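Enquirer: Can you make the complete structure from the sequences, with help from the hints?
What follows is the residue order along each chain.
2 protein chains.
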Amino acid sequence: MQKVGILGGGQLGRMLLQAAANYPVETYVLENDAHAPAAHLCHHFIQGDIRDYDAVYNFGKDLDAITIEIENVNVDALEALEKEGVKVIPHPSVLRTIRNKASQKKYYTDHQIPTASYLLTHNIQELAEQRAFFPAVHKIAEGGYDGRGVQIINDEADVPKGFDTLSVLEKLVDVEKEIAMMIAVGQSGEIAIYPAVQMVFDKTLNLLDFQLCPADIEEKTYWKAEAIALTTVKNFNSPGIFAVELFVTPGGEVLVNETAPRVHNSGHHTIEAHYSSQFDMVWRILLNYPLGNTEAVLPSVMLNIIGKEGYSGDAVYEGLEELLKIENAFFHLYGKRQTKPGRKMGHVTIISKEKTDLLHKANKIKHGLSVISRN
Amino acid sequence: MQKVGILGGGQLGRMLLQAAANYPVETYVLENDAHAPAAHLCHHFIQGDIRDYDAVYNFGKDLDAITIEIENVNVDALEALEKEGVKVIPHPSVLRTIRNKASQKKYYTDHQIPTASYLLTHNIQELAEQRAFFPAVHKIAEGGYDGRGVQIINDEADVPKGFDTLSVLEKLVDVEKEIAMMIAVGQSGEIAIYPAVQMVFDKTLNLLDFQLCPADIEEKTYWKAEAIALTTVKNFNSPGIFAVELFVTPGGEVLVNETAPRVHNSGHHTIEAHYSSQFDMVWRILLNYPLGNTEAVLPSVMLNIIGKEGYSGDAVYEGLEELLKIENAFFHLYGKRQTKPGRKMGHVTIISKEKTDLLHKANKIKHGLSVISRN
Numbered sequence: 001m002q003k004v005g006i007l008g009g010g011q012l013g014r015m016l017l018q019a020a021a022n023y024p025v026e027t028y029v030l031e032n033d034a035h036a037p038a039a040h041l042c043h044h045f046i047q048g049d050i051r052d053y054d055a056v057y058n059f060g061k062d063l064d065a066i067t068i069e070i071e072n073v074n075v076d077a078l079e080a081l082e083k084e085g086v087k088v089i090p091h092p093s094v095l096r097t098i099r100n101k102a103s104q105k106k107y108y109t110d111h112q113i114p115t116a117s118y119l120l121t122h123n124i125q126e127l128a129e130q131r132a133f134f135p136a137v138h139k140i141a142e143g144g145y146d147g148r149g150v151q152i153i154n155d156e157a158d159v160p161k162g163f164d165t166l167s168v169l170e171k172l173v174d175v176e177k178e179i180a181m182m183i184a185v186g187q188s189g190e191i192a193i194y195p196a197v198q199m200v201f202d203k204t205l206n207l208l209d210f211q212l213c214p215a216d217i218e219e220k221t222y223w224k225a226e227a228i229a230l231t232t233v234k235n236f237n238s239p240g241i242f243a244v245e246l247f248v249t250p251g252g253e254v255l256v257n258e259t260a261p262r263v264h265n266s267g268h269h270t271i272e273a274h275y276s277s278q279f280d281m282v283w284r285i286l287l288n289y290p291l292g293n294t295e296a297v298l299p300s301v302m303l304n305i306i307g308k309e310g311y312s313g314d315a316v317y318e319g320l321e322e323l324l325k326i327e328n329a330f331f332h333l334y335g336k337r338q339t340k341p342g343r344k345m346g347h348v349t350i351i352s353k354e355k356t357d358l359l360h361k362a363n364k365i366k367h368g369l370s371v372i373s374r375n
Numbered sequence: 001m002q003k004v005g006i007l008g009g010g011q012l013g014r015m016l017l018q019a020a021a022n023y024p025v026e027t028y029v030l031e032n033d034a035h036a037p038a039a040h041l042c043h044h045f046i047q048g049d050i051r052d053y054d055a056v057y058n059f060g061k062d063l064d065a066i067t068i069e070i071e072n073v074n075v076d077a078l079e080a081l082e083k084e085g086v087k088v089i090p091h092p093s094v095l096r097t098i099r100n101k102a103s104q105k106k107y108y109t110d111h112q113i114p115t116a117s118y119l120l121t122h123n124i125q126e127l128a129e130q131r132a133f134f135p136a137v138h139k140i141a142e143g144g145y146d147g148r149g150v151q152i153i154n155d156e157a158d159v160p161k162g163f164d165t166l167s168v169l170e171k172l173v174d175v176e177k178e179i180a181m182m183i184a185v186g187q188s189g190e191i192a193i194y195p196a197v198q199m200v201f202d203k204t205l206n207l208l209d210f211q212l213c214p215a216d217i218e219e220k221t222y223w224k225a226e227a228i229a230l231t232t233v234k235n236f237n238s239p240g241i242f243a244v245e246l247f248v249t250p251g252g253e254v255l256v257n258e259t260a261p262r263v264h265n266s267g268h269h270t271i272e273a274h275y276s277s278q279f280d281m282v283w284r285i286l287l288n289y290p291l292g293n294t295e296a297v298l299p300s301v302m303l304n305i306i307g308k309e310g311y312s313g314d315a316v317y318e319g320l321e322e323l324l325k326i327e328n329a330f331f332h333l334y335g336k337r338q339t340k341p342g343r344k345m346g347h348v349t350i351i352s353k354e355k356t357d358l359l360h361k362a363n364k365i366k367h368g369l370s371v372i373s374r375n
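The listed protein sequences correspond, in order, to chains A and H. All residue numbers for the first sequence refer to UniProt numbering, where the first residue is 1 and numbers rise by one. All residue numbers for the second sequence refer to UniProt numbering, where the first residue is 1 and numbers rise by one.
Everything labelled a hint here was simulated from the structure, so no lab data went into it. Treat the numbers as computed from the prediction; the structure is a model and nothing was measured. A few of these clues could be false.
Because identical chains share one entry, a pair is satisfied inside a single copy or across any pair of copies.
Claimed, not checked - In the DSS-like style, the derived pairs of lysine-lysine whose C-alpha atoms are separated by at most 27 Å in a straight line are:
| # | residue 1 | residue 2 |
| --- | --- | --- |
| 1 | K87 | K325 |
| 2 | K234 | K325 |
| 3 | K171 | K224 |
| 4 | K355 | K344 |
| 5 | K355 | K366 |
| 6 | K3 | K340 |
| 7 | K83 | K3 |
| 8 | K3 | K308 |
| 9 | K3 | K344 |
Expert: In structure tokens, the structure reads:
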């Protein structure tokens, strides 16, 4: 059996390991937290810091292949491992490009990939000088994650919220729709594309933050998005799975927002709604099997289960039992003991032929479930 | 989080634990073999003998609930645990009835459940005296598993193949079709029934040993089978999941063959082909959640991947990579290092609207995949 390691043991690692148990593979996880969601689901758990050179190098040196569930890892160690013949998927060069938002932006422009116009700032003073560029989004080049490290700068009054270090200042784009495309690349360069998904924010219905598949976009926009996402992924020249987040403007322009070179929140629905899930696909890539079928079995909606504002402590899922009665809804709770405001505690995928049915059930779950703390 | 234990760490345990990772639950496994398919997928692996009183009692005494993946466990210990307030699912009384084939048969007749007529033998001499009852099937009362402990006695010449201990001698039934029904019973007695599956043995097409869902049987037969399976399960008065295997005779008679009070080979297709799989369902029962939706997303075929005759040693899956290209086929390899003739090494489920497509792909996999050994 091949020995394959994952850097990071969060929910993405957890779902990767659920899928791994369909294949003959010996699994390793490197992660600081021995109670992380994925820690108990591997053959070999190694406690250690994924950002530390020695920890990553020693973890990887006897493995056949290694992958990530988060970008914030020691890339130097991965480069050393790659040189020594360990299959590193995605290639460390991709991580280097993507994990720094300045070099990620440069990558898009270097390859003529449409993206919001931007400039770099190195400190607050430089940010303040760019008032002609406002309204804009200020994004810290390194270390941001899950909403952290991003600030909207509407005008001069917002400047103090900016970052006093290398950052990308991006023109605020008029976004009509937000979509994402997952693309898998095999070890021989073969490619499989999942149907586009759409992030839905419907404020009038108080339907917030869920994701619809297939995306409700015009065919012309769809082809444009697919071509852009493909160009983005192909130029990395690396096997792996990639999530390309895209903005569609009211004028039908398509711009790349961000790319993640790993399994991603916008692919969670593929577990039940598609023949080969993003997690299954990663094992097919790592084990050098043929890519899976990315088609949908049925349309789907996916929503995240988030820790409620004002609650920190031992997690309690209020309303869960009632909602588990909903047919065709698949709950994934990540087994995190502690909740805190905004923490991703799980997700739900609903599958159905009928869009009305999907939206109705998503709304019911959105309003019926609260992750609070015991005290 | 509730603490739940499983007795046994084989492939059924493995798939139970894959499903467990969707819920907030702390998992425990008791199993002799530290390299068993489920050993690495739980929070706490305890090495020990599931047939030993102390091992089972000590394993279970601090758990909230305990279940099984094989019947051959220490029932006395489970009874002690149940008295002390541990939820034992299924109830130990069910295990006592089922694991002894003589008492299982008595259970059917006591509850007017149709089953092949039978008598008991205590030794070979008693078997020899029953020649008027031949052709018959001789089944050892305790300890048989997966085909072991069963002999067909066509005539006197076969008598030496019989068992010299308490056994059931069952009239050989003319079987036209073999079907199975999975039934889930919640902690409050609520019931959910999966559609019937059919075991297909088509010798003319050389299509052997696969399972079709839904079963291809007449509606009248279906209702009869469902009523019989329900009667079988309801009279146990126990929560749990149950597989009822049934024979349909050429005259349309339906007879119970055997019942298993646990997840079962004939429910594997539910992982991809049904909204709530048999494994998901067990966690819903154990955690006292509402039962899941047993309906099929699509029709399916399931076939077992079996160690090839003549090969013992480190397993190699010849033909696997080519077959992994087949769309809509889901492979489950149990990660057993060693193959031997007839050993269950994995299974494949194919889902499709078209029966022809299902059968064609099943046949392709059946003939394209060989589990052999390296040497």
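Enquirer: Please go over all the hints and tell whether each is borne out by the structure.
Expert: Results of checking the hints against the structure:
1. K87 to K325: Classified as between; 22 Å across copies, 44 Å inside a copy.
2. K234 to K325: Between copies, since 22 Å is at most 27 Å while 43 Å is not.
3. K171 to K224: So K171 and K224 pass the 27 Å test inside one copy only (21 Å; across, 69 Å).
4. K355 to K344: within (25 Å within a copy, 41 Å between copies)
5. K355 to K366: Within one copy only: 16 Å inside, 38 Å across.
6. K3 to K340: between (35 Å within a copy, 23 Å between copies)
7. K83 to K3: within (18 Å within a copy, 44 Å between copies)
8. K3 to K308: between (39 Å within a copy, 25 Å between copies)
9. K3 to K344: between (29 Å within a copy, 23 Å between copies)
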